[in-house]
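The primary structure of each chain is shown beneath.
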Amino acid sequence: MKQTLYDKIWSRHVVTELADGWTLLFIDRQLVHEVTSPQAFDGLRLAGRKVRHPELTFATLDHNVPTDDQTVIRDPVSKAQVEALRKNCKEFGIRLFDIGTPEIGVVHIVGPELGITLPGTTIVCGDSHTATHGAFGALAHGIGTSEVEHVLATQTLRQKKFKTFRVEYAGRLQPHVTSKDMVLKLIGEIGTAGGTGCVLEFTGAAVRALSMEARMTICNMAIEAGARAGLIGPDETTFNYIAAGDRPYAPRGAALEQAIAGWKTLATDPDATFDRTLTIDCEQLAPQVTWGTSPGMVTDVTGVVPQLDQVKGYGRADVEAALAYMGLRPGMKITDIKLDTVFIGSCTNGRIEDLREAAAVFRGRQVAAGLRALIVPGSARVKAQAEAEGLDKVFTAAGCEWRYAGCSMCLAMNPDQLRPGERCAATTNRNFEGRQGKGGRTHLVGPAMAAAAAIAGHFVDIRTW
Amino acid sequence: MSPPRFLLLPSTLNHEPSTMNPFTIHTGTVVAVDRANIDTDALIPKQFLKLIGRTGFGQFLFNDWRYLENGQPNGEFDLNKPAFKGATILVARNNFGCGSSREHAVWAVAQYGLRVVIAPWRAEAGGERTPGFADIFRNNCVKNGVLTLELSEPEVDKIFGVIKAQPGVTATVDLPKQTLTLHGQPEQSFQFEIDPGVKDYLLRGLDDIALTLEKEAAITAFEQQHDVQLAPA
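Protein chains in written order, with my numbering: chain Y, 57 to 521; chain V, 547 to 779.
Wrong hints could be hidden among the right ones.
[Stated by the list, open to error] So the derived label-pair ranges between C-beta atoms look like this:
1) Gly659/V x Lys216/Y: 23 to 31 Å
2) His572/V x Gly495/Y: 20 to 28 Å
3) Gly477/Y x Thr725/V: 40 to 48 Å
4) Gln605/V x Leu334/Y: 15 to 23 Å
5) Pro713/V x Leu334/Y: 39 to 47 Å
6) Ala629/V x Gly477/Y: 41 to 49 Å
7) Gly227/Y x Gly632/V: 42 to 50 Å
8) Glu762/V x Ala416/Y: 34 to 42 Å
9) Asp125/Y x Gly632/V: 15 to 23 Å
10) Glu457/Y x Ile740/V: 31 to 39 Å
11) Arg130/Y x Pro732/V: 56 to 64 Å
12) Glu313/Y x His772/V: 42 to 50 Å
[As the list claims (entries may be wrong)] When the alpha-carbon atoms are kept at most 30 Å apart in a straight line, the in silico DSBU-like pairs for lysine-lysine are as follows:
13) Lys219/Y x Lys745/V
14) Lys368/Y x Lys723/V
15) Lys146/Y x Lys135/Y
16) Lys64/Y x Lys761/V
17) Lys219/Y x Lys761/V
18) Lys320/Y x Lys106/Y
19) Lys704/V x Lys106/Y
20) Lys494/Y x Lys704/V
21) Lys494/Y x Lys389/Y
22) Lys745/V x Lys761/V
23) Lys217/Y x Lys761/V
24) Lys389/Y x Lys135/Y
25) Lys723/V x Lys494/Y
26) Lys146/Y x Lys723/V
27) Lys64/Y x Lys745/V
28) Lys723/V x Lys704/V
29) Lys368/Y x Lys710/V
30) Lys219/Y x Lys723/V
31) Lys761/V x Lys627/V
32) Lys723/V x Lys217/Y
33) Lys627/V x Lys217/Y
34) Lys216/Y x Lys761/V
35) Lys216/Y x Lys723/V
36) Lys723/V x Lys745/V
[Said to hold, decoys possible] Derived list of chain Y stretches under chain V, where covered just means 3 residues or more per stretch with a C-beta under 8 Å from a C-beta of chain V:
37) 89-97
38) 170-180
39) 391-401
40) 405-418
In case anyone wonders, no lab produced these hints; they're calculated from the structure. A virtual CB, placed ideally from N, CA and C, is assigned to each residue, including glycine.
Next comes chain Y alone, as it looks inside the complex:
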């Protein structure tokens, strides 16, 4: 029987079959952050249970941490949540990448850069963007807090196998078009429920040509297409990423060679079949900009805000409500949309390559008058690397704010928030109502598009700007 990458990882983690087609699946890594874990630890305490494998559990602080001054958390409720994770990690013997340590950062940035994320592993976290780790050919997905507790206690998850959906990105990306545009285009095509019940596997020449960091951006947003997990078959790019640099939790030397030999067997068999397939032509792909309140409400930067009844997958009432919230009208050119704020960061686009891309645009230029531009590195390591390369100087010279690592304005749990009516170009993953602050309006784009918009004060086509 020909197998997909998903089939192979799945079959290597089956502990036992349960009734009604359910399976008990072994979990190799659990990543933990402060927001979705306190109730899980409480549950363990109440039942007198332990963490089965603290050595396979890694915790970091990201959602609540301030990015201006990390030594003081002024919000008492945020502070309580941070303190709760510290206490829980201490009590249950779990590693915590705390504020002030060189490892701290957004959970999905930290995992790959420390070598915690490896091909063929199963990874969970109480966070929907866990799909990010799928870029390594790891089966990774978000779970709820009850399941966090279940994995802490048992190192397993009760699961039913998902359908498989192959998305082939054919051809070659044109200059200035990025993996963010690839994934936004997909969501526009299949809708935010198009991948529900499926695991996506991204294939094709355009995917093979991407760096690991760019691949992570695609897998990160698999959940925005409704899919629990996104996968990319590991290849030389993957192995080189893991072998390079200081990744303390990845195998080294002979162990790495042996691991790579194993990882090479993970690729989907040539004749394996998928439940669904779709091909997207990358030759024609333009930079994407969302105009609505759902990631599937997206169009080319050269396009216009659509008419109410001309949006694939959304009814007239949904589009009307979205445009009312966004303060836009049909027919308006995307490049005429003016911005108050630009946010560059998050688990979607907060890695070093994203910052380099943005810095290349900011270099020698100035942020538009009255516009606020926030650059938030995804981790302390990304921050240190950016500073070593002088990118921070480029940002601050252009008039941007350069911050400490955290989730920041992606979901605005910390003090970085939009005010009602403010409009933001963001390199994040969700443009939901109120996501970046109550009444705030979010347009999702890639890092270079966000940087160019910060300078122009409105969206521009980065290809011709």
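Let chain Y serve as the given structure and place chain V on it in line with the hints.
Just chain V now, with coordinates in the frame of chain Y:
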């Protein structure tokens, strides 16, 4: 801006275990929120995710739609209307619960008093069905004894029609028989499908972890032959 209300709530200090209510037959008032893609940010905005207890979330369900800027209930929002007071069954459009994995969204749903959420699956070309609920949300509902009930779009349209014509209409969900009966004039019944494992789980109100720990021998055996690929850091 008013101070965050949750700071004042003693219930947030509770740390009671999540005991799951078995689900068999349930009757209650049906309320509609006529929107597609209701995301978890809408179900519970992020400022309420900072609570470290498992209770006290019901009052924040649909916070930004349910309350006005001054903190008073928004009379235009159906959950606030007298006809729907105490509603325990919610009906909405497709892709309900998309977005974040936050179980807080389901705690808000359950603690508001909702036991059933209804959303339509969508028929796609080639006979495929797009589920009515986002995967993680649906999973989280099961863990909290909330039934996610899927019907076809025409069936859900009918329910919306009845609620509009007869606000305050009640319904009975019979999980063993897999039927939803809308007690309008005239009464209408719908048959629904459900994963047999999920049905069993809801009917019995099981403790997941205890069940899994019964497989201790299998887990231990697996661990002995499995390589987790962790470098000794």
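Okay, the hints, checked on the actual structure:
The hinted range of 23 to 31 Å is satisfied by Gly659/V and Lys216/Y, whose Cβ atoms lie roughly 29 Å apart. A beta carbon spacing of about 37 Å between His572/V and Gly495/Y contradicts the range 20 to 28 Å that was offered as a hint. Between Gly477/Y and Thr725/V, the C-beta spacing of about 47 Å keeps the proposed range 40 to 48 Å intact. Taking the beta carbon of each, Gln605/V and Leu334/Y are about 42 Å apart, not inside 15 to 23 Å as hinted.
At about 42 Å, the CB distance of Pro713/V to Leu334/Y agrees with the hint of 39 to 47 Å. About 33 Å separates the C-beta atoms of Ala629/V and Gly477/Y, a value inconsistent with the hinted range of 41 to 49 Å. Roughly 57 Å separates the CB atoms of Gly227/Y and Gly632/V, a value that falls outside the hinted 42 to 50 Å. Evaluation of the 34 to 42 Å hint for Glu762/V and Ala416/Y yields a failure: the beta carbon distance comes to about 55 Å.
Taking 15 to 23 Å as the suggested C-beta distance range, the pair Asp125/Y and Gly632/V does not conform, at roughly 47 Å. Between Glu457/Y and Ile740/V the C-beta distance comes to about 50 Å, which lies outside the given range of 31 to 39 Å. In this structure, Arg130/Y and Pro732/V meet the distance hint of 56 to 64 Å, their C-beta atoms being roughly 59 Å apart. The given range of 42 to 50 Å is broken by Glu313/Y and His772/V, whose C-beta atoms sit roughly 20 Å from each other.
About 21 Å separates the Cα atoms of Lys219/Y and Lys745/V, which keeps this hinted pair within 30 Å; it holds. Of the supplied pair hints, the one linking Lys368/Y and Lys723/V is violated, its CA atoms being roughly 37 Å apart against a limit of 30 Å. A distance of roughly 17 Å separates the Cα atoms of Lys146/Y and Lys135/Y; the hinted pair therefore holds under the 30 Å criterion. Restraint check for Lys64/Y and Lys761/V: the C-alpha separation of about 23 Å stays at or below 30 Å, so the hint holds.
Of the supplied pair hints, the one linking Lys219/Y and Lys761/V holds, its CA atoms being roughly 26 Å apart against a limit of 30 Å. Under the criterion of a C-alpha separation no larger than 30 Å, the hint pairing Lys320/Y with Lys106/Y is inconsistent with the structure, at around 36 Å. In summary, the hint linking Lys704/V to Lys106/Y is not supported, as the alpha carbons are separated by about 49 Å, beyond the 30 Å threshold. Between the alpha carbons of Lys494/Y and Lys704/V the distance comes to roughly 34 Å, so the proposed pair goes past 30 Å and is violated.
Simply put, Lys494/Y and Lys389/Y have alpha-carbon atoms about 25 Å apart, close enough for the 30 Å limit, and the pair holds. Restraint check: the Cα-Cα separation between Lys745/V and Lys761/V comes to about 21 Å, which is no more than 30 Å; the hinted pair holds. In summary, the hint linking Lys217/Y to Lys761/V is supported, as the alpha carbons are separated by about 19 Å, within the 30 Å threshold. At roughly 43 Å between alpha-carbon atoms, Lys389/Y and Lys135/Y are farther apart than 30 Å, so this suggested pair is violated.
A distance of roughly 43 Å separates the Cα atoms of Lys723/V and Lys494/Y; the hinted pair therefore is violated under the 30 Å criterion. Of the supplied pair hints, the one linking Lys146/Y and Lys723/V is violated, its CA atoms being roughly 48 Å apart against a limit of 30 Å. Restraint check: the Cα-Cα separation between Lys64/Y and Lys745/V comes to about 29 Å, which is no more than 30 Å; the hinted pair holds. A distance of roughly 21 Å separates the Cα atoms of Lys723/V and Lys704/V; the hinted pair therefore holds under the 30 Å criterion.
With a C-alpha separation of about 27 Å, the suggested pairing of Lys368/Y with Lys710/V holds against the 30 Å cut-off. Taken as a hint, the Lys219/Y and Lys723/V pair is honoured in the structure, with Cα atoms around 28 Å apart against an allowance of 30 Å. At most 30 Å may separate the alpha-carbon atoms for a hinted pair to count; Lys761/V and Lys627/V exceed this at roughly 48 Å. Between Lys723/V and Lys217/Y the alpha-carbon distance is near 26 Å, which keeps this suggested pair within the 30 Å criterion.
Of the pairs offered as hints, the one joining Lys627/V and Lys217/Y is violated, with about 42 Å between alpha carbons and a cut-off of 30 Å exceeded. A distance of roughly 17 Å separates the Cα atoms of Lys216/Y and Lys761/V; the hinted pair therefore holds under the 30 Å criterion. About 23 Å separates the Cα atoms of Lys216/Y and Lys723/V, which keeps this hinted pair within 30 Å; it holds. At roughly 11 Å between alpha-carbon atoms, Lys723/V and Lys745/V fall within 30 Å of each other, so this suggested pair holds.
With 4 residues having a beta carbon nearer than 8 Å to a beta carbon of chain V, the stretch 89-97 of chain Y meets the requirement of three or more and the stated coverage holds. Look at the stretch 170-180 of chain Y against chain V: 4 of its residues bring a Cβ nearer than 8 Å to a Cβ of that chain, three or more, so the hint holds. Taking a C-beta to C-beta cut-off of 8 Å, the stretch 391-401 of chain Y contributes 0 residues in contact with chain V, too few for the three needed, and the coverage statement is violated. For a cut-off of 8 Å, the count of residues in the stretch 405-418 of chain Y with a CB near a CB of chain V stands at 0, and the three-residue condition is violated.
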